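All chains, full assembly: derive it from the sequences and hints.
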Amino acid sequence: MALSKLSSPSSLSTNILKPLTNSFLLHRPISTDTTPLTIETSVPFTSHQCEAPSRSVETTPKELLSFFRQMATMRRMEIAADSLYKAKLVRGFCHLYDGQEAVAIGMEAGITKKDSIITAYRDHCTFLGRGGTLLEVFSELMGRKDGCSHGKGGSMHFYKKDSGFYGGHGIVGAQIPLGCGLAFAQKYSKDETVTFALYGDGAANQGQLFEALNIAALWDLPAILVCENNHYGMGTAEWRAAKSPSYYKRGDYVPGLKVDGMDALAVKQACKFAKEHALKNGPMILEMDTYRYHGHSMSDPGSTYRTRDEISGVRQERDPIERIRKLILAHDLATEKELKDIEKEVRKEVDDAIAKAKESPMPEPSELFTNVYVKGYGVEVFGADRKEVRGVLP
Amino acid sequence: MWGIIRQKVAAGGGSPVARIRPVVSNLRNYSSAVKQMMVREALNSALDEEMSADPKVFLMGEEVGEYQGAYKISKGLLEKYGPERVLDTPITEAGFTGIGVGAAYYGLKPVVEFMTFNFSMQAIDHIINSAAKSNYMSSGQISVPIVFRGPNGAAAGVGAQHSHCYAAWYASVPGLKVLSPYSSEDARGLLKAAIRDPDPVVFLENELLYGESFPVSAEVLDSSFCLPIGKAKIEREGKDVTITAFSKIVGLSLKAAEILAKEGISAEVINLRSIRPLDRSTINASVRKTNRLVTVEEGFPQHGVGAEICASVIEESFGYLDAPVERIAGADVPMPYAANLERMAVPQVEDIVRAAKRACYRSVPMAAAA
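If you're matching them up, the sequences are chains S and Z in order. Using this note's numbering, you'd call the opening residue of the first sequence number 1 and step up by one each time. Using this note's numbering, you'd call the opening residue of the second sequence number 1 and step up by one each time.
In case anyone wonders, no lab produced these hints; they're calculated from the structure.
Calculated Cβ distances over 12 Å to all of chain Z for the following chain S residues:
hint, residue
1, Gly131
2, Ser163
3, Ala217
Residues on chain S that point at chain Z, a partial pick, calculated with CB under 8 Å:
hint, residue
4, Arg91
5, Gly143
6, Gly202
7, Met234
8, Ala242
9, Phe369
10, Val381
11, Phe382
12, Asp385
All of these numbers come straight from a predicted model, not from anything done at the bench. Ideal Cβ positions, reconstructed from N, Cα and C, are used throughout, including at glycine.
What follows is the structure, given as structure tokens:
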């Protein structure tokens, strides 16, 4: 592929993009502009047992704008979820993803909806990336009928099987063998698709990861294990939990790549590369160097085990949305005002979705007994008082 | 060294405070003022005292050290005993549980914390096959003085994978002891007993009880305080119906007993404290007195703790029963998240009242199918 190194930002503007300074009359077609653009990733990839892909990533103005909009939506959604939790409209656990948006967005850009993704409990943005709606997210968080799991799952159990999203898992590490199982089925069915199994640095030490990885390598499964390394497993820093925190190397005989997880384009490149690799050569590990601004969950302040300076430092230097904003402005793809307008629109979309979700009713009491089985054989099922509340499983 | 102190329960009166005679002769004069103590504090103080008394006792689990405990149960222990005795583990239950059991084989006395017992399923092979059965298989050579502790059962809105009650599972295994405290007195006395016990003990706490306060007497606060394993406590004496419960459900049962009292039904509430060994004699003695039984638990009904209690009563005291046995349990479905469904999935005070009334033939029998 042609590599064009950036000499100066404006040199890449084509005729279509030549700024029409009196543009109040015309709407610049940035959102549909598919003129190819080549951008260098912030840092090079580091590889283990393989050759790293190129630092030059092909993209388009349309894609960059969509990155901006989607990540802004994710960011706003997570911040709104924080408020809803504090207002006690969301109960139980709530694990927020703000800071890590580039991983979800970059991954979607590098794969298709026929590929599968499975992750742990920090799943709100991954669900959105797979095509879920804000209404489904907020309704599920508040335990309402219109939630993606009809209110029965909660924050940690979002799913969207029709676009290859298999959840949403509460037990640390369990999603990894499950992901390898999805890959097994994909290979078995000759679908030419792959599975991305996401996990954190805390889960990276789980034994079941290595068991599943061994089998995936033995059987050449198209499984890509993606470590979203935000450097803290709940309150434990990576160096206190892992003898070797070089997670991309932990596969030993399985190739790995270390990626700047705050750079959506780098993530996109890595996922494309990994998909090609997995279809031909079996499993691969991607380590995304990322960061979460919130604590582990809403009951963790996130500041007892890391300094506020560290958090604000990352926000200033590496924020994924700011990076895309700077890129868009540097290449003259949109004005600052246009980007701010997008953020205003996003804010309104989120607020509207929350309002609508608040009106969604709670599930019917009869839902207590639905979906226990696919096929219940008419078995009796009991409520807390077995002589008062009982049903039949269809 | 310290020995288990025998508990003498008052013959009548049903006072919530157990009267203990310390083995060690003690000239201290306890004030009669009763202090309030949170369950969390009770557990923390029990761990602190046992670690202080025996250098072989150590604590390990996720976030128990620097984070001060996910639920602050181990607060201050790292500072006091150092990183050799309070160990933060990676998120790898199978690994660190096996390591704990191995340390117990060698003679140390580990306390292994599971952030919730849902995660103990990753380690259950070690709890059962490596810990519970070893003393038997080795004909007494390899004893396993280990405690597995942590929150068990439902919290609030935590969904299907984080709300499971494991009492029935662990209590079915010979070689294990299974304890479940309700009050702060239970928490202190049973945890101390568990740590001193030479066998593997599964200690099932409850997250929603951690912040609850209970009155504790000076005897309970004494560092030699200990409760016997295998003895239930009659929390409230009564004569019309026996209600058995453990952990958080004891609180609900006491509330139900209040409501029943207003309707002229005198309920006897038994706090099991020990699921294995189950105090069959106390339960049967109670049913022989009241002639009616309602078992209440949070876990799933089939093959549950209540099922075992009902079987025991039917086997031992059939002639004394004046009504069919009643079971209240968690609904027979994975725990739903939505608040209204969750309320239906967990025993409520009304359920206990209703079942007690049925046992007393005070209500319309058997509602139609839902």
